[in-house]
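Visitor: The primary structure of each chain is shown beneath.
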Amino acid sequence: MFKEVLNSKTLNETYYKYVLDNGLELYVLPKREQRSNYAVFGTKFGSVHVDYSDAQGNERHMPKGIAHFLEHKLFESEELDAFERFTKTGANANAYTSFDRTCYLFSCTDNFYESYDILLDFVQSPYFTEETVLKEQGIIGQEIKMYDDMGSWRVYMNALKALYRNIPINVDIAGTVQEISKITSQNLYQCYEAFYNPGNMFICICGNVDEDEVLRFTTERIKSKPSSKPQTLYLDEPSEICKKNIHSKAVVSIPQFVIAFKNDALKGEFIDYRSRVIKTMLLDILVSKRSKLYTKLLNDNLINNEFGAEVFDGPGYCSCMFMGESVDPEKVKSIICNEINLIAKSGIDNESFEMSKRYMYGNFVKQFDSVDSVVAHLVDGAVSGYNFFDFFDIINSITVDDLNNEINKTFDEKRMILSVVEPIDRNEG
Amino acid sequence: MFNDIKVSEISKGVTVSVVPVVNFKKKVVSVYAIVPADREKITAYLMIPKLVTLCCRKYPSIISMNNMLALNYGTRITGGSFLSGDNIVMSFNVSFVGDEYVPNNENVADNAINGLFDCIFDPLIVNGTFEKSNFENVRRMISESIASKIDEKQKYSITRLKEIMCEGEPFGVSDKYLLEKLGSITPEEVYTEYLELFRFARLEIISVGYQFQQNFYNRLSTLLLNRYNEIRVDTASKLKSARSIAISVTDKMQVEQGQLALGFRSLIDRNSDLFYAARIMCDIFGGGTYSLLFNNVREKQSLCYYCSAGLNTSKGVMIVSSGVDFSNFDKAKNAILEEFEKIKCGDFSDKLIEDSKLSFENELVAVTDTPDTIGSWQIRRFIENPDCSPEEYIAKIKAVTKEKIIEAANMFVLDTEFRLASED
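Keeping their order, the protein sequence lines are chains A and B.
Start counting the first sequence at 43; every next residue gets the next number (the numbering used here).
Start counting the second sequence at 413; every next residue gets the next number (the numbering used here).
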């Protein structure tokens with residue numbers, strides 16, 4: 043077993059990383075002054091992992107949405123489903139699936155180990171039958187329709203369709219009604235065997251706990267399984283985008299938009315932490331409320347409170363996105379591009395750079411009071427390989443030249459897309 | 413912790429609460445102004461917090477204001493309004509990193525508090541009123557935010573239900589009315605209400621993690637010199653009985669999934685001796701994953717992706733909302749009402765009550781764990797919850813009996829049904 047102690051003088055926090063002999067990674071950040079505890083048991087299995095090669099070398103091509111479907115089903119068992127078990131401890135349990143991970147979690151104040159026992163047990167105890175699969179198709183079908191009605195989700199998914207040709211992030215995380223109708227209990231067991239393997243999984247905990255006690259408790263309950271990691275069959279993703287513009291309609295009040303710039307990423311790998319911080323800083327300087335761009339867009343009635351920007355990244359993909367609502371998304375795009383060109387020519391000034399550094403520093407520190415926010419960072423680190431305590435060294439090491447060198451690479455207009463969801467005209471047929 | 417809160421009334425109707433906590437990296441100070449939600453003034457009250465926190469006389473542009481905040485290590489100053497029963501609560505907030513977490517122990521806190529006071533009490537005024545372009549931006553942004561409720565169909569359905577069920581009451585003020593008033597209100601009208609606001613509103617100032625120095629109290633007292641002697645505020649919300657016959661309204665849109673919302677009315681509010689029983693009742697009905705709606709309507713009958721119940725403790729209103737297939741509207745409604753009948757007849761287990769109490773306890777114990785949850789608890793105990801600490805609340809919850817839950821359930825009567833159906 044491997045143990046690493048990671049601490050941050052700035053935050054006055056320490057977390058512990060253990061890698062068990064079977065490959066499972068355990069992260070514990072004790073916060074002994076808290077009453078709350080938060081635990082996640084996760085796997086690096088998300089909606090993009092539909093094509094893979096299992097431990098026996100069999101190539102599998104699964105229906106889209108299977109990771110999310112499996113997440114729903116794992117709560118069930120022959121005896122008592124997991125939600126019912128958690129009611130005895132008072133913990134609040136949930137789960138989620140995203141593009142690159144599935145996480146099962148609970149939060150509680152008392153009875154931490156009783157709840158943790160349930161979490162470790164049910165995630166390691168799959169139970170799927172054709173009958174329960176059929177029932178779930180109805181519920182998930184409703185969930186898909188719920189998201190289909192959300193303009194903000196649709197504009198985002200359309201943006202991914204426009205950006206990515208081969209990586210399966212261009213399909214909804216939950217799949218489609220047609221795709222999930224193909225899922226069988228056999229598929230679920232195959233995916234479970236491949237991806238719910240200790241070598242592919244992680245546990246992240248923050249709260250009023252002792253790290254060594256958590257380790258002991260965990261090692262006693264993790265089932266012995268040969269450690270393996272499935273090989274996801276990532277296709278080569280061209281650096282070009284698929285289409286420059288994608289439009290659809292929905293019941294929304296004003297047009298919703300995403301303007302995204304496709305960035306480089308190595309096949310199946312995350313961009314490094316430093317690059318992510320640099321891109322985040324670029325976005326902050328470009329469109330925060332301190333920027334001339336923001337004031338111009340606001341005074342031209344082109345943006346509102348929904349406007350923002352983010353770095354979207356995962357295994358083999360990375361984009362920088364601007365999103366919001368606007369009566370004229372094309373104009374927003376044009377103004378953003380003009381401003382990027384101006385800044386690329388003139389360079390970012392030192393004053394803006396220093397302000398952004400302080401802003402990002404303070405923002406980062408403020409996130410470490412709540413156990414769920416801390417665990418979110420631990421999970422991100424587990425999936426992407428970052429140590430988030432490196433943030434302070436990184437932010438101190440970044441220079442204004444680093445940012446200026448990145449602008450043209452990050453915001454290449456040849457790799458830019460615009461996704462718009464427009465209001466349905468109530469008079470349309 | 414809540415027993416150690418220092419509360420001082422520094423002027424009639426102005427209270428300062430300091431919650432003494434030392435471990436948080438983030439400190440939060442909020443100023444709340446509480447007034448009745450007067451229909452004629454409500455749009456001004458929506459605008460004031462947003463307007464004054466955009467920028468101020470000392471930092472007269474969005475850029476200069478946000479430069480100051482960024483230099484102060486990402487300090488955030490925000491303003492907003494929310495309806496609490498028949499009152500409107502305007503909040504003016506600042507959150508900042510503790511001095512001990514920044515290099516060289518710079519004085520972040522004083523800059524942050526002064527920034528908040530500069531916004532609230534020394535806003536940017538041009539030619540005797542709010543600056544025009546800021547005013548227009550805020551007007552547009554609030555209008556678009558109201559209009560965009562349609563984008564989230566669950567939220568939209570709950571809003572429409574409240575508008576129909578509580579028509580004529582401040583709690584049920586319609587978005588259509590708000591948008592009309594926002595379209596016509598002037599900077600001068602809003603400025604007049606702003607000047608009046610701090611003269612008569614009930615003010616609650618809550619600090620989590622920051623100990624005010626004497627100069628804070630001195631500055632605040634100076635700023636509030638013009639307050640009226642009598643505070644003209646009646647912040648008791650009006651309860652109303654349900655209609656004798658429930659009504660049903662359907663909107664149609666091009667949507668993939670239907671929405672069903674049911675509104676029940678009662679005469680139970682925070683002063684009622686059935687308050688805690690009503691909380692448990694609503695929770696076992698449609699709160700957690702142990703609830704009757706989750707297990708029977710969603711899981712067993714697969715009638716909807718979500719089906720939950722929420723209680724508004726100021727108005728005695730319970731709302732059930734669910735996402736259903738169009739073909740299942742009647743089936744889902746009947747299934748929901750069947751589950752409610754079970755509670756009214758006592759056809760539910762003691763285990764369900766225990767599950768609910770344990771869940772409440774877990775949630776309430778965690779209140780002291782972040783500055784935001786502490787601040788939220790503190791203001792809500794003044795305006796819509798019983799005035800007690802989380803520990804006292806837990807004790808009252810634990811004392812609730814099955815008989816009281818049944819009694820509380822029988823106080824709720826279906827008043828209104830809202831459906832969002834497909835145009836096709």
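Among the hints, a few may not be true.
What the hints assert, rightly or not - Heads up, simulated DSS-like pairs for lysine-lysine below, C-alpha to C-alpha not over 25 Å straight-line: (1) K203/A / K451/A; (2) K203/A / K331/A; (3) K285/A / K51/A; (4) K561/B / K187/A; (5) K130/A / K810/B; (6) K331/A / K285/A; (7) K130/A / K808/B; (8) K187/A / K745/B; (9) K187/A / K712/B.
If you are wondering where the hints come from, they were derived from the structure by calculation, not from laboratory data.
Visitor: If you test the structure against every hint from before, which numbers come out violated?
Guide: 2, 3 and 6
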